[in-house]
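Turn these sequences into a full structure, and let the hints steer you where they fit.
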Amino acid sequence: MQSWRQIYWNRTRKRLFDGLADIVKMSGADTPSRAPHTLFAFNTKDDLRMHATGCDGDIGGNSTVNLDLDLSSTHNARVNKPATAKFWGDMRLDVRPQYQGRVRGGYAAFRNKPRPSLFGDILDNIEFHEYLALRLRVAGDPITHNSYFVNLQTNGPITTDVWQHRLYFQKKNEWEDIFIPFRNFVRTNNGELSEIQLEMSDKLRSVGISLLGGNSGVSGQYELNIDTIRIVNEEDAVSDLEPASDKEKDQTWDDLKI
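Under the working numbering, the first residue of the sequence shown is numbered 5, with each subsequent residue one higher.
Just so you know, these hints were derived from the structure itself, not from any lab. Treat the hints with caution; some may be incorrect.
What the hints assert, rightly or not - As a list, the in silico DMTMM-like pairs of lysine to aspartate or glutamate whose alpha-carbon atoms are at most 25 angstroms apart: (1) Lys117 with Asp181; (2) Lys176 with Asp74; (3) Lys85 with Asp240; (4) Lys85 with Glu178; (5) Lys176 with Glu246; (6) Lys207 with Asp240; (7) Lys176 with Asp94; (8) Lys207 with Asp128; (9) Lys49 with Glu180; (10) Lys117 with Glu196; (11) Lys207 with Asp165; (12) Lys85 with Glu180; (13) Lys176 with Asp240; (14) Lys207 with Asp51; (15) Lys207 with Glu196; (16) Lys175 with Asp240; (17) Lys49 with Asp128; (18) Lys207 with Glu238; (19) Lys117 with Asp50; (20) Lys117 with Glu134; (21) Lys117 with Asp128; (22) Lys175 with Asp72; (23) Lys175 with Asp74; (24) Lys207 with Asp181; (25) Lys49 with Asp181; (26) Lys117 with Glu203.
These numbers were taken from a predicted model, which means no experiment stands behind them.
Following this line, the structure appears as structure tokens:
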């Protein structure tokens, strides 16, 4: 396991070497790459350490949130990985008595942590890609399935802006690839849709997923598996997942043993 100091210097070294390589190769004169690019993988403990979680339970609510490795061969066989991330917990709308009327319940989320280096925070350039691609598997109580959102933070001038899009699942208890055009994300601030919609910056600071039960009056046990988050273009916005097995289709919440 790497320490944060090692991670910091590894990022700095990579950014320095990448910059020198671009100078030597004169990469600025090349046609920008449109190839699919993985922003985040969720297959090891080190991968998960790069992400932070939060929920209303942190400020007086009763919801819970976890981001763990799921080692279930039944869950992960279809993506051909030994492990994926499992974002799970209990979505509750009520809050502790002493916080009644002071805080709002009903949310849980995760996002990548800031990635500092000697040359500033690492940002992801999405200028030459059209879609955010997420490989996900939704489970848990079915009522929670329509309350997930993707959240993007950029290097824009208003640091509290979050660009958001709802996740629309076509399946339950099965892996699927979801492709969201960046042009379809909307600007929010402090949890509310902004009246003024600006063009989103093409430099991503963070990517995350939230469950907003409070917005839709939804409570229950939730679970979402995550394999990868990538950026792609139209020609690559096609799923290459194999059909689900009957065993995977038959999985229910009671089988998950949370």
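Open item on the list: Let me make sure I understand: some of the numbered hints might not hold for this structure. Which ones are they, in numerical order?
Closed with: Every hint satisfied by this model.
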